[in-house]
Structure formats: structure tokens, C-alpha cells
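Asks: Spelled out from the first residue to the last, the chains are:
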Amino acid sequence: MRSSALSRPKTPQIDMTPMVDMAFLLVTFFLLATTFKTGEIVWVQMPRSVAGLNLPMTDLLTVFVDKDGRAYLSLTSPPARRAWLQRHAQVNQVQYTEEEYRAFEMMSGFGVPSTQLRELLQKSPEERKRFVQTGIPAKVGDKNELADWIILARATIPRLRIAIKADATTPYKKVEDVIKTLTDINVLRFTLITQPKKLDDDAGY
Amino acid sequence: MLDIDDIPNPNRLRRLGRAKEKPGIVTDMNSMVDMAFLLLTFFMLSTTMYRPRGMELVMPVPDDEKTRTEEVQAVKASQALTLIAMPENKLYYYRGLPEAAGFKPLTYDKAGLRNFLQRFAQETEKPVVLLKPHPDCAFENLVILLDEMNINRIGRYAIDRVSEQELDLMRSAGIPVPNS
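Here the protein sequences line up with chains A and B, keeping their order. Just so you know, we're using my numbering here: the first sequence kicks off at 38 and counts up by one. Just so you know, we're using my numbering here: the second sequence kicks off at 32 and counts up by one.
Calculated directly from the structure, the hints in this document are not laboratory data. Any given hint could turn out to be false.
[What the hints assert, rightly or not] Listed below are several chain A residues computed to face chain B (Cβ distance under 10 Å; list not exhaustive): (1) V64; (2) V79; (3) M83; (4) G89; (5) T206.
[To be verified] Far from chain B, some chain A residues (derived; all Cβ distances over 12 Å): (6) M56; (7) A60; (8) T71; (9) E136; (10) A140; (11) M144; (12) K160; (13) R167; (14) K180; (15) D185; (16) I188.
It should be emphasised that the depicted structure is a prediction, and the values quoted were computed from it without experimental measurement. The beta carbon of each residue, even a glycine, is placed where N, CA and C say it ideally should be.
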């Protein structure tokens with residue numbers, strides 16, 4: 038004890054306690070604030086706009102339109118998705134098993150005609166990723182499955198907000214089909230999802 | 032001139048050493064800090080701060096074609112501006128009623144479209160803009176047009192289909208129009 042106190046130069050002792058406090062505070066914050074990125078149903082390069090309307094994270098139905106014009110639907114919150122599929126099963130008189138319901142809850146969205154839905158639900162998550170989804174038929178005609186799904190979603194969630202997330206390069210006629218579908222079922226107020234840009238930015242062409 | 036206190040006195044040193052020792056247990060916090068920051072980094076990277084943003088669009092109540100054309104015609108020709116978004120990011124406009132000589136090109140950048148709309152909004156009383164995206168134009172073009180409506184505070188605008196008559200007039204004005 039004596040010899041060490043005399044010979045060894047004093048190593049500075051840093052009090053780590055406040056740092057630990059801070060680190061754990063931040064950990065707690067991020068832990069609570071985080072919502073794990075759920076893989077989006079399809080990757081879409083959104084057009085840019087200065088519009089800054091924030092969309093809610095709940096009760097939101099997003100119509101994805103990819104650059105080939107295929108439509109996908111994505112509804113927030115798994116319990117709502119289950120209720121949505123239950124209504125669909127009721128209306129179309131089909132039965133889904135508990136596993137299929139669970140698979141539907143886990144999927145953030147889908148883009149297949151309802152005839153292919155069961156096939157999609159029976160796949161494992163890995164198989165599903167590789168499965169080419171052909172889009173929900175939105176052709177404005179006597180049968181419009183996209184409209185049916187949206188009507189069911191509105192019946193499931195009364196305060197539903199509807200948004201269109203289309204690719205910047207999607208031909209307008211494909212988006213027009215979706216808009217026409219919406220206005221035909223009296224959805225006159227909806228949101229076009231864009232990514233932010235500055236007022237002075239030009240489109241680059 | 033040594034002070035009596037400076038004499039290295041073994042007993043005193045021992046006492047000093049004891050006094051410095053903290054009461055209780057001193058834990059080594061380093062590993063805890065390591066772990067805390069590891070978790071912090073993980074959550075920081077995995078979290079998505081992204082919230083979807085967008086522009087609100089309110090469409091008119093769909094009614095039969097007749098009332099719609101009547102409404103459009105009720106707008107005075109001097110108030111009306113029609114923007115036609117063509118494929119390959121081409122943009123044309125005409126004022127008032129369509130005629131072959133009236134179609135003029137415009138660019139999507141600030142110097143083109145925004146300046147033009149600013150002037151139009153200033154010199155026109157109750158400006159009305161019709162946005163007519165060609166079926167084959169990119170969706171982005173419509174978004175830019177809608178965005179410019181908001182930026183230039185043009186409250187009265189509508190999205191409509193580009194008519195065959197307009198396309199024919201454009202063809203006769205020498206503007207390339209894809210066959211749809």
C-alpha cells in the first residue's frame with residue numbers, strides 16, 4: 038500500500054456514472070421511440086414536393102402503385118388487417134384458417150388478385166418475398182377488386198385515411214385508374230405521398 | 032523552508048491514502064458504458080425517424096359530363112390557363128380557348144413554370160388553372176404541377192383529361208404527340 042502510493046503515478050479516475058446515466062436515458066428513448074422497419078411491400082421512388090402534410094402512422098391505408106402500374110394495398114396495424122380479412126372472407130364467402138389470418142397480420146401489404154390470396158398466405162415469409170405479386174386489379178370496369186378492398190377497409194376502420202404512394206415514373210394513366218377508383222366509391226379526399234424537397238430545388242429536367 | 036507538512040511522513044501518507052478511498056464499493060463502469068453505447072448505437076440505427084408526408088388532394092364530386100363542361104365554360108377565357116403535361120417531361124400551356132397557335136412550351140424548372148405562374152397569378156383576376164396530364168406522362172409531372180399550384184397559391188385548379196381535340200391541335204402545331 039505504502040510503496041504503491043509512493044511509486045506509481047496516479048492514474049486519473051473518471052467518474053463514469055453521469056455518462057452511463059445519459060447513455061441509458063438515450064437507450065430508453067430510442068427503445069420506446071423505435072418502430073421497427075417493417076419491410077415495405079414494394080419499393081417505390083416517390084416524387085418530390087414541398088408539401089409538408091404529415092400523415093398519421095395509424096388508420097392509414099396506402100395504395101402503392103409501382104413503376105409498372107401494379108397496385109398494392111397496405112393497411113397499418115395488424116389487428117386492423119385481421120378484421121379487414123375477416124370482412125373480406127364474410128363478403129366473398131371464403132374461409133381462411135387461423136394460420137392464414139396470422140400470415141395476413143404479419144404482411145404489411147399485398148398485391149395479388151383475391152383468387153391468388155390464399156396461395157400467397159400459405160407461403161413462408163421467405164417464399165413470399167420471392168413471389169411475384171401481379172397487383173390488385175384496378176381496371177375500371179364491372180369488377181374492381183381494388184375498390185372492393187378499399188370499401189371493406191373503410192367499413193373496418195371508420196376514421197380511415199387513404200393515401201396513394203406512386204412511383205415518380207409511373208405513367209399517369211395508371212395513377213389515374215386508382216384515382217378514378219377512389220372517386221367512384223366517393224373517396225374524394227386523399228393524400229399523395231411525396232418525399233420532401235426544398236422550395237428552390239428543381240426537378241432536374 | 033520546508034513546511035512541516037511536506038515532510039514525507041509514512042504515517043501521514045497512509046492516512047491520506049485512506050482519506051482518498053471512497054467509502055463503499057467502487058465499481059468499474061467501463062463495461063457497462065460499453066454495453067449502453069452498443070445498445071444506443073443499435074437502436075439509433077434501427078429506428079426509423081421517417082414519417083410519411085404528402086400533399087392533400089380533394090377531388091370534385093363526380094357528376095355527369097354535361098354539368099362539368101358547363102362549369103368549365105362558365106370560366107372566362109381570360110382567366111383560364113391550361114397546362115398540358117406530355118411524356119418525356121415536356122410541358123405546354125395555352126391561355127383561354129385552345130387553338131393551334133396558342134400552344135407554347137414551358138419548362139418544369141423555377142425559371143420556367145414558377146415564374147410564369149407567378150406572373151399569371153398576379154396579372155389575372157381569379158385565375159383558374161386546368162391541369163391536363165397526358166396518360167403517358169410520368170406521375171411526377173403531375174405532382175410538380177400540383178406542388179406549383181400550392182406554392183403560387185392558386186386556389187382554383189382542376190385535374191382533367193387532355194382531349195382529342197387538344198391533341199389534334201397540338202399535332203397541327205407541329206408538337207410531337209405520341210399515339211395512344
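Asks: Each hint needs a verdict: does it hold in this structure or not?
Replies: Results for each hint:
The restraint placing V64 of chain A at the interface with chain B holds, with a minimum CB-CB distance near 5 Å, inside the 10 Å limit. At about 15 Å, the closest approach between the beta carbon of V79 of chain A and any beta carbon in chain B exceeds 10 Å, and the interface hint on this residue is violated. For M83 of chain A, the interface hint holds, the least distance from its beta-carbon to any beta-carbon of chain B being 9 Å, beneath 10 Å. At a threshold of 10 Å, the smallest CB-CB gap from G89 of chain A to chain B is about 6 Å, leaving the interface hint in force.
Hint status for T206 of chain A: holds, given a least beta-carbon distance of 5 Å to chain B, under 10 Å. Under the 12 Å C-beta cut-off, the non-interface status given to M56 of chain A relative to chain B is violated; the minimum distance is some 6 Å. A beta-carbon of chain B is positioned within 12 Å of the beta-carbon of A60 of chain A; the least distance is around 4 Å. Some Cβ of chain B comes within 12 Å of the Cβ of T71 of chain A; the nearest lies about 4 Å off, and the non-interface call is violated.
Distance check for E136 of chain A against chain B: the nearest CB is about 28 Å away, which clears 12 Å, and the non-interface claim stands. No beta-carbon of chain B comes within 12 Å of the beta-carbon of A140 of chain A; the shortest separation is about 23 Å. The claim that M144 of chain A is not at the interface with chain B holds, since no C-beta of that chain comes within 12 Å of its own (minimum 18 Å). Distance check on K160 of chain A: its Cβ is at least 26 Å (rounded) from any Cβ of chain B, clearing the 12 Å threshold; non-interface status holds.
With a closest Cβ-Cβ approach of about 24 Å to chain B, R167 of chain A is found to remain outside the 12 Å limit, as its non-interface label requires. Non-interface call for K180 of chain A relative to chain B: holds, since the shortest CB-CB distance, roughly 19 Å, exceeds 12 Å. Against chain B, the non-interface label of D185 of chain A holds: every CB pair exceeds 12 Å, the least being about 18 Å. The beta carbon of I188 of chain A sits about 16 Å from the closest Cβ of chain B, which is more than 12 Å, so the claim that it is off the interface holds.
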